[in-house]
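Number of protein chains: 2
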Amino acid sequence: MNDFEVIYGKNSVLEALIAGNREINKIIISKNIHSDTKMNKIKDLAKEKGIIFQFVGRDKFIPYEEFNHQGVIAQISPIKYVELEDFIADNKSIYRSIVVLDGIEDSHNLGAIIRTCVCAGVDAIVIPSRRNVQVNSVVEKISAGAINHIPIIKVNSLVNAIQTLKENDWWIIATDASAKDNYYDVKYDDMNFAIIMGAEHAGVSKSLLKASDFIVKIPMQNNFNSLNVSNALSAIIFETLRQKLTNKK
Amino acid sequence: MNDFEVIYGKNSVLEALIAGNREINKIIISKNIHSDTKMNKIKDLAKEKGIIFQFVGRDKFIPYEEFNHQGVIAQISPIKYVELEDFIADNKSIYRSIVVLDGIEDSHNLGAIIRTCVCAGVDAIVIPSRRNVQVNSVVEKISAGAINHIPIIKVNSLVNAIQTLKENDWWIIATDASAKDNYYDVKYDDMNFAIIMGAEHAGVSKSLLKASDFIVKIPMQNNFNSLNVSNALSAIIFETLRQKLTNKK
Numbered sequence: 274m275n276d277f278e279v280i281y282g283k284n285s286v287l288e289a290l291i292a293g294n295r296e297i298n299k300i301i302i303s304k305n306i307h308s309d310t311k312m313n314k315i316k317d318l319a320k321e322k323g324i325i326f327q328f329v330g331r332d333k334f335i336p337y338e339e340f341n342h343q344g345v346i347a348q349i350s351p352i353k354y355v356e357l358e359d360f361i362a363d364n365k366s367i368y369r370s371i372v373v374l375d376g377i378e379d380s381h382n383l384g385a386i387i388r389t390c391v392c393a394g395v396d397a398i399v400i401p402s403r404r405n406v407q408v409n410s411v412v413e414k415i416s417a418g419a420i421n422h423i424p425i426i427k428v429n430s431l432v433n434a435i436q437t438l439k440e441n442d443w444w445i446i447a448t449d450a451s452a453k454d455n456y457y458d459v460k461y462d463d464m465n466f467a468i469i470m471g472a473e474h475a476g477v478s479k480s481l482l483k484a485s486d487f488i489v490k491i492p493m494q495n496n497f498n499s500l501n502v503s504n505a506l507s508a509i510i511f512e513t514l515r516q517k518l519t520n521k522k
Numbered sequence: 274m275n276d277f278e279v280i281y282g283k284n285s286v287l288e289a290l291i292a293g294n295r296e297i298n299k300i301i302i303s304k305n306i307h308s309d310t311k312m313n314k315i316k317d318l319a320k321e322k323g324i325i326f327q328f329v330g331r332d333k334f335i336p337y338e339e340f341n342h343q344g345v346i347a348q349i350s351p352i353k354y355v356e357l358e359d360f361i362a363d364n365k366s367i368y369r370s371i372v373v374l375d376g377i378e379d380s381h382n383l384g385a386i387i388r389t390c391v392c393a394g395v396d397a398i399v400i401p402s403r404r405n406v407q408v409n410s411v412v413e414k415i416s417a418g419a420i421n422h423i424p425i426i427k428v429n430s431l432v433n434a435i436q437t438l439k440e441n442d443w444w445i446i447a448t449d450a451s452a453k454d455n456y457y458d459v460k461y462d463d464m465n466f467a468i469i470m471g472a473e474h475a476g477v478s479k480s481l482l483k484a485s486d487f488i489v490k491i492p493m494q495n496n497f498n499s500l501n502v503s504n505a506l507s508a509i510i511f512e513t514l515r516q517k518l519t520n521k522k
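Protein chains in written order, with the numbering used here: chain L, 274 to 522; chain C, 274 to 522.
Simulated from the structure, these hints should not be mistaken for lab results. There's no promise every hint is true.
Pairs count within a copy or across copies, as identical chains cannot be separated in the list.
What the hints assert, rightly or not - 16 Å max Cα-Cα, derived EDC-like pairs, lysine to aspartate or glutamate:
1. Lys490 with Asp454
2. Lys517 with Asp458
3. Lys283 with Glu473
4. Lys439 with Glu358
5. Lys320 with Asp442
6. Lys483 with Asp332
7. Lys517 with Asp396
8. Lys299 with Glu321
9. Lys299 with Asp454
10. Lys304 with Asp463
11. Lys311 with Asp462
12. Lys316 with Asp359
13. Lys353 with Glu278
14. Lys490 with Glu338
15. Lys304 with Asp332
The task is simple: from the sequences and hints, build the whole structure.
The following block contains the structure:
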């Protein structure tokens, strides 16, 4: 298990198998779980790809008790991060979108954000290598395997990454509670854009706000200014998709 | 502590104090936590309202170890559910919105949905008294206290509730992955409407789909049809708010 990490749960394992872009060393399935459609798909795909799967007793799952493993875990190579420059070079032809995360601390939030991004067709997620939760097995589980379907770009400096994006004609949109414009006032369907979402408490850093082309807010009702970051992202990112899909028609 | 339950975390306690619609028996604060803006507000409001607060040692928090209590818990009366008929009678004059939850199983999802609804100005949430997670202290915590700012209507039968709403000129919108229309194809700004969100796995029940006026989907990208229910709701409910706010102008 040297270079492998453990992922757990049916969706995590199934989506890793479907994506097929990571090396799976072994899949371990509990003898005490009765099979269902997803579990059967896992077994079929594993067979097809020549990946070992073992049926084991309850005791083998004891180390993973605190996780909601649903009777299946896999030993898998870590995700491969993508370089920002490579991503930019590969995505020159049509309008693309990126989500940039500035200091997200909570694994559940990162997992939910990844899942939302894949469903909404976001093309990549940028995270900083420090002061942000990294991809771990909780993130993989909460993402329901979505992590395997979107490039994750890890950078040392978000300020530099934003600068690089701007030099390549990407537009930068940051979210901030004190913004004048609402998120739906921006026209998203004719540009490459990166949306910066801030930390749960601190919001987007000043240096990034300063570097942004647009700063937008979600118009909060009931004087209750405390939307969870993944839910805030969902509102914004599906508005960008709405614009793209309705203007295509 | 007979009729009281325990809520924990700074936001939960603070928002309960601000809302002021539940009886707080006592607030217990850890001696080992250094105070911050929110904690000071909690103490100020408690003093103002004549609510007892006690500083206690670490041992008093041992029963709550598994919770992210942030050094503060409160003994509080349970939330008061609202009757559907009363809500309808009180909301006759302007266009209102309700979110109806059909079989949500996860406390985190219910908490996130409540928080999103308050931020988006939803007027009430309807939950069934069975086959749905009920309001508990995890829900209160995850809602960040939002639970105190929105009526929760608990009904024995969702089918009957939908029927009652329809008889009172409410329009019913259900979400279903196989719908033809997208959620943004509906015009939400000139009617009372209820949006039904289904269980994490099973979706909205057939009987409710049948009773609905509109069935809508979120157009999923990447062939990845697995958006978390609170994120799905966020996309839809903020679209209804966008329509209301932009058509007002």
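Which hints, by number, does the structure contradict?
Failing hints, ascending: 5, 6, 9, 10, 11, 12 and 14.
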